[in-house]
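Chemist: Protein chains in written order, with the working numbering: chain A, 3 to 327; chain B, 3 to 327; chain C, 408 to 776; chain D, 408 to 776.
No lab work stands behind these hints, which were simulated from the structure alone. Here the structure is a predicted model, which means the values were calculated and not measured. All C-beta atoms, glycine included, are put in the ideal place defined by N, C-alpha and C. Incorrect hints may appear among the rest.
To be verified - Residues of chain C clear of chain B, computed beta-carbon distances all greater than 10 Å:
1. His421
2. Arg460
3. Arg513
4. Val640
5. Leu676
6. Ile718
7. Lys738
8. Asp748
9. Ala752
10. Leu755
Said to hold, decoys possible - Not everything, but these chain B residues come out facing chain D in the computed CB check (under 7 Å):
11. Trp99
12. Met181
13. Pro216
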Amino acid sequence: MTQQTYSKAINQALYQAMELSSNVLVLGQLVDYQSGVFGTTTGLVDKFGTQRVCDFPVAESLMTSTGIGLAMSGMRPVLVHQRVDFMMYSLDAIVNWLSLMRFKSNGKLSLPVTIRAIVGKGWGQGPQHSKSMHAWFAHLPGLRVAVPATAYDIKGLLLESIFGENPTIIIEHRSLFSMTSEVPDIPYRVRFGEAVVRRKGKDVTIVAIGFMVPQALRAAEKLALEGIDAEVLDLRTISPLDEEAICNSVAKTGKLVVMDPAWKSIGMAAEVIALVSEKMGSNFKTKPARICYPNSHTPASSALEVEYYPNETSIANVIRSVVYA
Amino acid sequence: MTQQTYSKAINQALYQAMELSSNVLVLGQLVDYQSGVFGTTTGLVDKFGTQRVCDFPVAESLMTSTGIGLAMSGMRPVLVHQRVDFMMYSLDAIVNWLSLMRFKSNGKLSLPVTIRAIVGKGWGQGPQHSKSMHAWFAHLPGLRVAVPATAYDIKGLLLESIFGENPTIIIEHRSLFSMTSEVPDIPYRVRFGEAVVRRKGKDVTIVAIGFMVPQALRAAEKLALEGIDAEVLDLRTISPLDEEAICNSVAKTGKLVVMDPAWKSIGMAAEVIALVSEKMGSNFKTKPARICYPNSHTPASSALEVEYYPNETSIANVIRSVVYA
Amino acid sequence: MNHGELLKMGEYNHLSIEGCSPDIIRCLYRFMLRLRRCQEALIKEYYPADEMRCPVHFCIGQEASPAALSLLLSQSDYLLSHHRCHGYYLAKGGSMNALFAEIYGRATGANGGIAGSQDISVHDLNFFSGAILSGSVAIAVGVALGFQTKALRSVAVTAFGDGATDQGIFWEAINYAVLRRLPLVFVCENNRYSTYAPLSKRQGKENISERVQSFGMNVKTVFGNDVALLYSVFSNAIEEAREGRGPCFIEAFTYRWNAHVGPGEDDYLGYRSVAEREFWKKNCPIALLEKQMVGQNLMDSKIKEKMIVEIDQEIATAFQFAKESPFPHLKEWSQLNYNIDTPQADRLLETIDSSFFDQNQKEAMPGPY
Amino acid sequence: MNHGELLKMGEYNHLSIEGCSPDIIRCLYRFMLRLRRCQEALIKEYYPADEMRCPVHFCIGQEASPAALSLLLSQSDYLLSHHRCHGYYLAKGGSMNALFAEIYGRATGANGGIAGSQDISVHDLNFFSGAILSGSVAIAVGVALGFQTKALRSVAVTAFGDGATDQGIFWEAINYAVLRRLPLVFVCENNRYSTYAPLSKRQGKENISERVQSFGMNVKTVFGNDVALLYSVFSNAIEEAREGRGPCFIEAFTYRWNAHVGPGEDDYLGYRSVAEREFWKKNCPIALLEKQMVGQNLMDSKIKEKMIVEIDQEIATAFQFAKESPFPHLKEWSQLNYNIDTPQADRLLETIDSSFFDQNQKEAMPGPY
Ligand SMILES: Cc1ncc(C[n+]2csc(CCOP(=O)(O)OP(=O)(O)O)c2C)c(N)n1
Ligand SMILES: Cc1ncc(C[n+]2csc(CCOP(=O)(O)OP(=O)(O)O)c2C)c(N)n1
Ligand SMILES: [Mg+2]
Ligand SMILES: [Mg+2]
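Sequences are here, hints too, so could you generate the full structure?
Modeler: Here it is in structure tokens:
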């Protein structure tokens, strides 16, 4: 067990997966250079060679189809996209083939394809380098979707995805790459559909996703000084969703804030609120709220990024308004 | 004002739009054959020629980009996809270019591109011919999304979209094509963001989208015989969403059922429930409910289609359960 | 070679069965006849029975290519087909019973009634198809890459129409197959049309193979109704691929007799000429072969009669099987879409009970890229 | 022509300014020098100032192609560029002030600070760029189709790197441009690399132009650092396109001196050889032209000095403008993403107050397709 960064944890998961099974391949642009997609694939090619660590042409569409074919032939490919945005070229393969092969084969063939997709933020990533799109993937039947917030989780979920049997999309927020947590050295699993309570509290439930988790925790610490005792639930995976954990927490606190690093409308935050409403009806003590991005593309200017992304103040304000409504 | 089918209303809207402005073009596979995409484009080529009614290669990706370029050069293209499923090849163009051109041009350039996308159902359309995906498009900033349920609305919304200034996706459910309503002969508009109450009622609000509207109305008639007085709200467009109309109705009835012809999770139905929760908190008299498709791809067998799609009985049951909870 | 030139040719008289063993010739013939009669029977039954409730793309006139493949692929080879897949499904050893039952939407169908005609995919047969154009071509690349990585001697074959070559992903697939020298054979059945749209309305130049060749691919263009020729060309290509000598692209010029989809005719739309249809009907792949066989005493009316009786019996059985089979019933959608088992993860990964995270870390400001 | 062959060439000595008017030569030279110095200045200031907070793709070594275009396009022509767009932006008449301000994220930037370096798009200039590879190539097809439909004499030019030709949509665009004979000129700056990956690692054959030609396209391959040659080749292609004689594809072999992105170097990654870099630096497009100009008395150290002073003054002004400009502020995201005005609809469409729908109709069961 050592303290490790998120990016190093990814690197370790890939290394261990490739060691554990010769069926594991990594495909993506520039995965075989020393820079290694922000360090996450560095060194793999030295150990496993270019047949298993494949630099791919700038043809994202084909790359996903190739991943599907690899899985059909018994392999367990990991596809890497430097940005979720670049992956948009491959949506046909994801929607019309990857997500539905198990279904259309009448449950006979599962495709263990893992897609790592990185979200940019900051330094003027702008509208073509900062999209997350995880709500899209979670809406689609047949896919698992993880949005890990910690180094521990990314390693465990990546391994679980590679050695699981479903196609999986793992959304990795670039801003988390340097954050550290305790990461066991052995190959371990984190299961899909199991949220984790990162902070116990009784006044309000904060359901947080991915990159919003550390922000929720910091906000909770800050609000604790004012006497607000927030519970922070890290969903970890959004498909499947740990409905029970969400409902249990809201049953206790009666108040709900959902923090989702994505556009507000028709996203995961709406799903969480709808879910609780359906299950618990009028048992909300106050009106629930979403903390998300505006329904707008991302501006490049740092001055506008500050206004676009929720910050400590705006987050705390929303939580207070739900607690004291 | 004559009684007209949905498909004929589309045909008329296109014809009138092309007559009104030489900037209007129609692009799509087989738009210039007599069969005319289920009759919706029949005859256009005879009047307007192949430069304005363009049969396009089976290259959906390029087709959308071409539409974008046309709009950049001052045209008002209408793109036609025989199935939403085929349009998945073009999502890069939609996500990374079409939806964000206005934004990235700092509000200087709007792209009046209209995309007509048809949803299949029945006769074994199966998993690659029946997806709707409207929640995806509505989640994305920068796009307008309409899901017209009547011949009257499709004509007005199509014209409004062609002569409006935003990129718009119009989801047309194939099962509606033969349904009729009164359709004025003149070119008229139906505005985005204006829902319509199709049936007044006081016991429960049924928010219905597209293909679910006639089903909601039939269910309401049936339930009226049992003494349930349901209000049916047809959203007509889901981006923008008529939040006021939704909240007004629920404020009156206190009970909410959302009928969305799409997968249940993380869709429009979740958004509607979340929205009402946020605005009205615990003012629900009973737990709201969604009537959607299961989180599953569509089976081909007619026996399974019957189990997959909500039917009169299952719809009435859910509404009853919300009313009498 | 292109359709325009072929049309001027009159009756094709290059077909020769020299160098092909009588057994193989008989098998090719029988496969084509069986496929033809099975399609014809389905067409005849489609509307009267009104039980085949899914879009079906029949392949009458295009029997040669699946016939040739039927003798060349082993179980461990993969065959990936487009929507017009009945012939290829049978070529990979699929049963007629399961085919009919799938079209009838029954639980005993090749995919339990889930997929319908255009998405038949049977893992046990290593056979896959799908309705989205070019999709399975691109997926075949991955299958072949898998074989190469594992140093297997298996081959992937992907069969598709000229329409697939409109799509950009097709060209990505060609490029990558060449780049990696994949054990992959591309079979393009160029029947001139994508639905009603002729090639000349969709592509700037009618030279698919030339373009593919410019990517560095081995290509062959052949008259696609000459089954003996197809057999030898496919056989070479598959052998080369199997031996690690890289991919091959074969363009087979052929023609669809029936409507693009469904049991009817769509000629009333006027998208193809009478002369063209006549030419191709005159060059029926079955009749051309039969003529050669008769000339060499490999076929006579008695043999044919016997074959027909057998085949028709198989067809009748398949109809009966399909019609008597139960419809599927489902209560649980989830498991059909998601696999809840994790045998590999169970075996290889540890379960740990812990999670530490320092919540006071600030997010990083990434660099310029 | 390909990079490997060029490398054996030593110093390029075919550059000739014969047949080009001195005025044009001077303009080409000045454009390149201005672009070079402006890039160098941005690079120098990038980290110390720490105010250019967006990814920037510099184009040192690749000044010739934008320089040549700068003299050939009118306002009504469209220019669509990839991410490495500064040169093209200036070529289309963009101001240096607005360029710098955009990179500095200021309200006075070309896009008000919204877009950043790699997405600069200015409708008034008919200039557009974007970070997603091949996207703007495909969009250019639509622009050209618009011109053709309106029978305008405008031309669309799209500039991109070799990386864009990896994408399938690129080949869709080539096909369609040929099919419709669009007034469209493709300018491919082949600098051998997509980020660090050389062409040979991404494409089965190093023959982009040959492949494009097989689609029926007119193609030209040229040494991309010979600005006079580019000028004449572009000029012809644009003229042909303008006259309705169809599209053209020009592959210009060139080289990026600096890192793929950002102000630094990325050679430490070892992805390109010293010899290669040396070759290209020796064949600097500016130095090659200067040599010719000096030979013909079109340039001497005094003229150059004067140019440099002017250019550096413009650059200093641009920095000052950018740094002194205010940051943008936004409260209303909605209007930036959606246009609420509907002038055309207001003018053309009637408003009606009614809606009838017979709710007792049953849905239709569509046919097989
Ligand atoms: C992506 C996509 N776009 C459009 C279609 C609709 N479609 C179904 S079959 C077909 C024609 C295919 O022609 P071709 O590939 O030549 O095969 P053929 O039908 O001639 O055998 C088309 C366009 C589709 N299935 N997928
Ligand atoms: C669809 C997509 N995939 C990946 C990227 C990441 N990317 C940015 S620039 C680049 C290399 C482009 O190379 P090329 O087109 O040759 O232009 P150059 O940078 O050499 O000028 C890549 C792969 C992208 N921007 N878009
Ligand atoms: Mg065809
Ligand atoms: Mg390059």
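Chemist: The structure should be examined with respect to each hint, and the outcome stated for every one.
Modeler: For each hint, the structure was consulted:
1. His421: The claim stands: His421/C keeps its Cβ more than 10 Å from every Cβ of chain B (closest is about 32 Å).
2. Arg460: Violated, since 5 Å does not exceed 10 Å.
3. Arg513: The claim is violated: Arg513/C sits with its nearest Cβ about 7 Å from chain B, within 10 Å.
4. Val640: 26 Å, holds
5. Leu676: Leu676/C not clear of chain B: closest Cβ-Cβ about 6 Å, inside 10 Å.
6. Ile718: 26 Å, holds
7. Lys738: Its Cβ does come within 10 Å of chain B, the nearest being 8 Å, so this is violated.
8. Asp748: It holds; Asp748/C is separated from chain B by about 18 Å at its closest Cβ, greater than 10 Å.
9. Ala752: Ala752/C is indeed farther than 10 Å from all Cβ atoms of chain B, at 23 Å.
10. Leu755: 29 Å, holds
11. Trp99: Because about 6 Å separates Trp99/B from the closest Cβ in chain D, which is inside the 7 Å limit, the hint holds.
12. Met181: 5 Å, holds
13. Pro216: With a closest approach of 6 Å, the Pro216/B hint holds.
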